[in-house]
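Kindly produce the complete structure, drawing on both the sequences and the hints.
Here the sequence shown is numbered in the numbering used here, starting from 1 and rising by one per residue.
These are calculated hints, taken from the structure and not from any lab test.
Each residue gets a CB set at the ideal place from its N, CA and C atoms; glycine is no exception.
Among the clues, some could well be false.
What the hints assert, rightly or not - Computed spacing ranges between beta-carbons, pair by pair: (1) ARG381 x ARG123: 46 to 52 Å; (2) ALA94 x ASP411: 41 to 47 Å; (3) ASP411 x PRO295: 49 to 55 Å; (4) ALA399 x SER539: 39 to 45 Å; (5) GLY56 x PRO295: 53 to 59 Å.
As the list claims (entries may be wrong) - Straight-line Cα separation of at most 30 Å, DSS-like style, residue types lysine-lysine; simulated pairs: (6) LYS400 x LYS128; (7) LYS531 x LYS499; (8) LYS204 x LYS346; (9) LYS531 x LYS455; (10) LYS285 x LYS346; (11) LYS531 x LYS509; (12) LYS499 x LYS528; (13) LYS396 x LYS128; (14) LYS315 x LYS509; (15) LYS285 x LYS528; (16) LYS285 x LYS315; (17) LYS315 x LYS528; (18) LYS509 x LYS499; (19) LYS315 x LYS346; (20) LYS528 x LYS455; (21) LYS400 x LYS455; (22) LYS528 x LYS400; (23) LYS455 x LYS509; (24) LYS531 x LYS285; (25) LYS531 x LYS400; (26) LYS509 x LYS528; (27) LYS128 x LYS499; (28) LYS499 x LYS285; (29) LYS499 x LYS400; (30) LYS455 x LYS499; (31) LYS315 x LYS531; (32) LYS509 x LYS285.
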Amino acid sequence: MNSSTTGWNFANAWEAIAAAIPDALAQRQGPRSITWSEFNQRANGVAEALLTPTTGEQDKVAQYLYNSPEYLESIFAAFKAGLAVVNTNFRYGADELVYLWGNADVTAVVFHGEFTERCAGIRDRVPKVRTWLWVDDGNGPCPEWATPYQTVAANGTDTNLTAPWGRSSDHLLLLYTGGTTGMPKGVMWRQSDLFGALNDGNSKRLPRQQDLAAIGESITRPGPRYMPAAPLMHGTALFGAIGHMILGGSITTLQGRHFSAEEFLDDTEGFRINSTSIVGDAIAKPILRALDAEPDRWDISSLRVMVSSGVMWSKETKDGLLRHNDHLIMVDSLGSSEAISMASNKTTSDSSEGTARFELGASTRVVTDEGRDVVPGSGDRGRVALRGWTPIGYYKDEAKSAETFVEIDGDRYSIPGDYATVDEDGAVVLLGRGSQCINTGGEKVYPEEVEECLKLHPLVADAAVVGISDERWGEAITAIIEPHPGQTIDEQELISHVKARLAAYKAPKRVFAVSSLGRAANGKLDYKRLKTEAVASSSNDT
Numbered sequence: 001m002n003s004s005t006t007g008w009n010f011a012n013a014w015e016a017i018a019a020a021i022p023d024a025l026a027q028r029q030g031p032r033s034i035t036w037s038e039f040n041q042r043a044n045g046v047a048e049a050l051l052t053p054t055t056g057e058q059d060k061v062a063q064y065l066y067n068s069p070e071y072l073e074s075i076f077a078a079f080k081a082g083l084a085v086v087n088t089n090f091r092y093g094a095d096e097l098v099y100l101w102g103n104a105d106v107t108a109v110v111f112h113g114e115f116t117e118r119c120a121g122i123r124d125r126v127p128k129v130r131t132w133l134w135v136d137d138g139n140g141p142c143p144e145w146a147t148p149y150q151t152v153a154a155n156g157t158d159t160n161l162t163a164p165w166g167r168s169s170d171h172l173l174l175l176y177t178g179g180t181t182g183m184p185k186g187v188m189w190r191q192s193d194l195f196g197a198l199n200d201g202n203s204k205r206l207p208r209q210q211d212l213a214a215i216g217e218s219i220t221r222p223g224p225r226y227m228p229a230a231p232l233m234h235g236t237a238l239f240g241a242i243g244h245m246i247l248g249g250s251i252t253t254l255q256g257r258h259f260s261a262e263e264f265l266d267d268t269e270g271f272r273i274n275s276t277s278i279v280g281d282a283i284a285k286p287i288l289r290a291l292d293a294e295p296d297r298w299d300i301s302s303l304r305v306m307v308s309s310g311v312m313w314s315k316e317t318k319d320g321l322l323r324h325n326d327h328l329i330m331v332d333s334l335g336s337s338e339a340i341s342m343a344s345n346k347t348t349s350d351s352s353e354g355t356a357r358f359e360l361g362a363s364t365r366v367v368t369d370e371g372r373d374v375v376p377g378s379g380d381r382g383r384v385a386l387r388g389w390t391p392i393g394y395y396k397d398e399a400k401s402a403e404t405f406v407e408i409d410g411d412r413y414s415i416p417g418d419y420a421t422v423d424e425d426g427a428v429v430l431l432g433r434g435s436q437c438i439n440t441g442g443e444k445v446y447p448e449e450v451e452e453c454l455k456l457h458p459l460v461a462d463a464a465v466v467g468i469s470d471e472r473w474g475e476a477i478t479a480i481i482e483p484h485p486g487q488t489i490d491e492q493e494l495i496s497h498v499k500a501r502l503a504a505y506k507a508p509k510r511v512f513a514v515s516s517l518g519r520a521a522n523g524k525l526d527y528k529r530l531k532t533e534a535v536a537s538s539s540n541d542t
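Have a look at this one:
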């Protein structure tokens, strides 16, 4: 890992890019376009607003935003000011926000106007938050306790702002992800390590040590045009955007709050998008259906790369997309918030690996629980481990950090928990997470949290939650309920019960009742058996 004196800091890099290609496009959303010079100026204005008399080095700034130019702009501003950023799931309810911002020690929140009422309702529960920047999205006026984001952004100038404590490549980006108990945990990425991981993944690379002169020499024209179809609040889209921006590229964000294949294709054609990130079939299938329905409507020949991370997508969908763009490279990327690009699977018109078969990266290995390499062709199971550019741990969670970030043969590895076998040819076959984590549409959901919510309902004696294979969602959250004696459950009532207390994506898609969940004497559930029963019940209903 790099030291603070030699490693990259994103604010330094982006300021150098703004100086090198000031008139090139940096961000676009619908009719809005922002050049690199404007991107830098506006971030200076926001950075100044974040630096209050009580602000300290590495205070935390939360992005409570939909995809928009303000998302990356406020990150740029925080990095200029030597502050850390914290992603926030815009689907979270009040209690989830209070936990997240409290755990992260957030002192400033940048939020869309749509979330004003929710923020107002929890302000007294997040006393550390002193600064609220309101982003106008047409949902009412700015509240008196917040500052209009546009006002401070418009005050920015070409003079690059630096805090009294300066900048460091050790400064953090916190990416919150689901924890083993269902509570989110903050993955701590030093800027130097994140820059290194993203830079190594680019075909055109900057030096490993910070060299601002190299930016002027290598970035002389606009870089690639990237449009995330996934939310920037997740690592897949955010890291994709940041990785393109260190190349002097531009980021286009969709205007719709919900994914629309038609809008995606309109913008791909209209803005000549080169690359995108998706969440498996949940996004890829609607795109394919739109193309099949109107094959002559869109020209998507500019689109060269489509990456899915977190959820694999089917061969049938990939083959269908290739019918509409035979130059497209489709990539399944095996990675996580804790480990970027551990392995990949590429599909083109000329070649395709089987689903769940991955080619390991140079810094990746598959190790048994005893720390030995899995022998190719042995059939042994191991966990995928990545060394090199990795996070420093989980924020305020030394125990979980020690479990995930371990030393093997003298090197530090990140081992998020993806189990795999290794074929004789060296290809890695992914088996899945060792935990009961459910991956639904790219969102991680842990059963315990949903189970505890269901058990708050007066009709429910006990509950188990599993994920069953689903064409649209990857895994559909399914609840198995043990009602109190003499009670009958109502599926929609229980689904609504969960949605009223947790983010909507955590609610079950189906609910089934059983006379007993059959807990063991130690209180544990047999999730494998319950999942089999849920699959059978689901099949009987179709």
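Here is what the structure says about each hint:
Hint check: ARG381 to ARG123, Cβ distance near 48 Å, so the stated range 46 to 52 Å holds. One distance hint, 41 to 47 Å for the beta-carbon pair ALA94 and ASP411, holds here, with the actual separation near 43 Å. Separated by about 50 Å at the C-beta atoms, ASP411 and PRO295 satisfy the suggested range of 49 to 55 Å. The beta-carbon spacing between ALA399 and SER539, approximately 41 Å, falls within the hinted interval of 39 to 45 Å.
The beta-carbon spacing between GLY56 and PRO295, approximately 57 Å, falls within the hinted interval of 53 to 59 Å. Under the criterion of a C-alpha separation no larger than 30 Å, the hint pairing LYS400 with LYS128 is consistent with the structure, at around 25 Å. A distance of roughly 22 Å separates the Cα atoms of LYS531 and LYS499; the hinted pair therefore holds under the 30 Å criterion. A threshold of 30 Å between alpha carbons decides the hint, and for LYS204 with LYS346 the separation of about 19 Å falls inside it, so the pair holds.
As the CA atoms of LYS531 and LYS455 are separated by approximately 19 Å, the hinted pair is consistent with the 30 Å bound. A C-alpha spacing of about 18 Å is found between LYS285 and LYS346, which places the hinted pair at or below 30 Å, so the restraint holds. Annotation: proposed proximity of LYS531 to LYS509 holds, straight-line Cα distance about 14 Å (limit 30 Å). About 26 Å separates the Cα atoms of LYS499 and LYS528, which keeps this hinted pair within 30 Å; it holds.
A distance of roughly 17 Å separates the Cα atoms of LYS396 and LYS128; the hinted pair therefore holds under the 30 Å criterion. Restraint check for LYS315 and LYS509: satisfied, since their Cα atoms lie roughly 25 Å apart, inside the 30 Å limit. Under the criterion of a C-alpha separation no larger than 30 Å, the hint pairing LYS285 with LYS528 is consistent with the structure, at around 29 Å. With a CA separation close to 11 Å, the supplied pair LYS285 and LYS315 stays within the 30 Å bound.
Proximity of LYS315 to LYS528 is assessed by CA-CA distance (about 27 Å); at most 30 Å being required, the pair is judged to hold. For the suggested pair LYS509 and LYS499, the alpha carbons sit about 11 Å apart, so the restraint of at most 30 Å is met. The straight-line distance between the Cα atoms of LYS315 and LYS346 is roughly 11 Å, inside the 30 Å bound, and the hint therefore holds. Of the supplied pair hints, the one linking LYS528 and LYS455 holds, its CA atoms being roughly 21 Å apart against a limit of 30 Å.
Note on LYS400 and LYS455: the hinted pairing holds, with a Cα-Cα distance of about 27 Å set against a maximum of 30 Å. Distance check on the hinted pair: LYS528 and LYS400 sit about 25 Å apart at the alpha-carbon level, within 30 Å; holds. For the hint linking LYS455 to LYS509, the alpha-carbon distance of about 17 Å falls within 30 Å, and the restraint holds. With a C-alpha separation of about 26 Å, the suggested pairing of LYS531 with LYS285 holds against the 30 Å cut-off.
This hinted pair checks out: LYS531 and LYS400 have alpha carbons roughly 27 Å apart, not beyond 30 Å. Distance hint between LYS509 and LYS528 is fulfilled; the C-alpha atoms sit about 19 Å from each other, no more than 30 Å. Restraint check: the Cα-Cα separation between LYS128 and LYS499 comes to about 28 Å, which is no more than 30 Å; the hinted pair holds. Distance restraint check for LYS499 and LYS285: the Cα-Cα separation of roughly 26 Å lies within the 30 Å cut-off, and the hinted pair is therefore satisfied.
Among the hinted pairs, LYS499 with LYS400 is consistent with the structure: their alpha-carbon atoms are about 29 Å apart, no more than 30 Å. For the suggested pair LYS455 and LYS499, the alpha carbons sit about 14 Å apart, so the restraint of at most 30 Å is met. A distance of roughly 25 Å separates the Cα atoms of LYS315 and LYS531; the hinted pair therefore holds under the 30 Å criterion. Under the criterion of a C-alpha separation no larger than 30 Å, the hint pairing LYS509 with LYS285 is consistent with the structure, at around 19 Å.
This entry satisfies every hint, going by the numbered hints stated previously.
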